[in-house]
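Student: For chain G, the structure is supplied; the task is to place chain A on it using the hints.
One letter stands for each residue in the lines below.
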Amino acid sequence: MEIEDRYQWVDPETNQLYWLTKEQMEELAEKNG
Amino acid sequence: MSTSTPRLGLVKPANGEAYSVSTLNNNSDLIDAFALATDKLPKGLVYQLHVATSSGAVLDSIINNIATFTFKANRKYRIIWDFSYLMSGNSDSLFYCSINWAPVGDAADLLTGLTATDGRTKFVQTFIGASTGSTGPVVKYHQTAGADQTVQIKFRVQRVYGDDSITVVGNANERAVYSIYDDGLADGSFG
Chain G
0 MEIEDRYQWV DPETNQLYWL TKEQMEELAE KNG
Chain A
0 MSTSTPRLGL VKPANGEAYS VSTLNNNSDL IDAFALATDK LPKGLVYQLH
50 VATSSGAVLD SIINNIATFT FKANRKYRII WDFSYLMSGN SDSLFYCSIN
100 WAPVGDAADL LTGLTATDGR TKFVQTFIGA STGSTGPVVK YHQTAGADQT
150 VQIKFRVQRV YGDDSITVVG NANERAVYSI YDDGLADGSF G
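Keeping their order, the protein sequence lines are chains G and A.
Heads up, the first sequence is in numbering that gives the first Met the number 0, so the first residue is 0 and it goes up one at a time.
Heads up, the second sequence is in numbering that gives the first Met the number 0, so the first residue is 0 and it goes up one at a time.
Hints in this document: simulated from the structure, not taken from any laboratory.
Glycine is no exception: its CB is placed at the ideal position from the N, C-alpha and C atoms.
Keep in mind that a hint or two might mislead.
Stated by the list, open to error - Label-pair restraints from in silico Cβ distances:
#1 A:Thr143 <-> G:Lys30: 39 to 45 Å
#2 A:Ala34 <-> G:Asp4: 52 to 58 Å
#3 A:Asp28 <-> G:Glu12: 44 to 50 Å
As the list claims (entries may be wrong) - Partial selection, computed: residues in chain G whose CB lies under 10 Å from chain A:
#4 Leu16
#5 Tyr17
#6 Trp18
#7 Leu19
#8 Thr20
Bound-form chain G, shown alone:
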């Protein structure tokens, strides 16, 4: 089974925890400046 790297992220508005891919983390960083 191939598992890609994932990174822990907590939505500050909902306090919900997510595991995001590197690409998703980069998108978030871009959105948030």
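Tutor: Frame of chain G, contents of chain A only:
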């Protein structure tokens, strides 16, 4: 004048019940008794989350959380964390997978302030190497006392032996599922 039943708040007509047109009936009667009996029954599934993405490979981490959940007073609940896991590496390793309470408002990834409730230990042997397994769900049987209980629920994995990391698996065909079932009125059958 019209009145309401004490349990359900149903409005009764001013003329009372059939056996008397003059007696006002505000007692607990059949409909109230039925409502009380119904309250004792399990309500079944009251929360469910399907996660189709895997966690990262971790040693000690919160895998998921329910930011806030209110357990109603005097009820029995089952919290079920059903998942597969993958361990990488070449050593026998044990991971303790647990369901924890935390204060509402604590950051979801915070590892402090936890009250461990119940868990299961997962094991992978050396000769298998990198391997996936599912040795049954982690279940917390919970019974509330006389007041509602609002908590954050955190699902944690901790390595307790070995050198490997663990990944909680989630994909379209092998989802991690988090469920809470209401099992009916508390009866003091467990702590």
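Student: So the hint says 39 to 45 Å: do the beta-carbon atoms of A:Thr143 and G:Lys30 match that?
Tutor: holds, 41 Å
Student: Let's test the interface hint: is any C-beta of chain A closer than 10 Å to that of G:Leu19?
Tutor: Since chain A brings a Cβ to about 8 Å from G:Leu19, closer than 10 Å, the hint holds.
Student: Double-check G:Thr20 for me: the hint is only fine if its C-beta lies closer than 10 Å to a C-beta in chain A.
Tutor: With Cβ-Cβ at 8 Å, under 10 Å, it holds.
Student: Does G:Trp18 meet its interface restraint, that is, does its C-beta lie within less than 10 Å of any C-beta in chain A?
Tutor: It holds, given that the least Cβ distance between G:Trp18 and chain A is near 5 Å, below 10 Å.
Student: Quick one, is the G:Tyr17 hint okay against chain A at 10 Å, beta carbons?
Tutor: Holds. Min distance 8 Å.
Student: Are A:Asp28 and G:Glu12 spaced within 44 to 50 Å by their CB atoms?
Tutor: Holds, at about 48 Å.
Student: Would the stated hint for G:Leu16 survive a check requiring a Cβ distance to chain A of less than 10 Å?
Tutor: Hint on G:Leu16: holds, closest Cβ of chain A at ~4 Å, below 10 Å.
Student: Could you say whether the range 52 to 58 Å given as a hint is met by the Cβ separation of A:Ala34 and G:Asp4?
Tutor: holds, 53 Å
Comparing the model with each numbered hint stated earlier shows that all of them hold.
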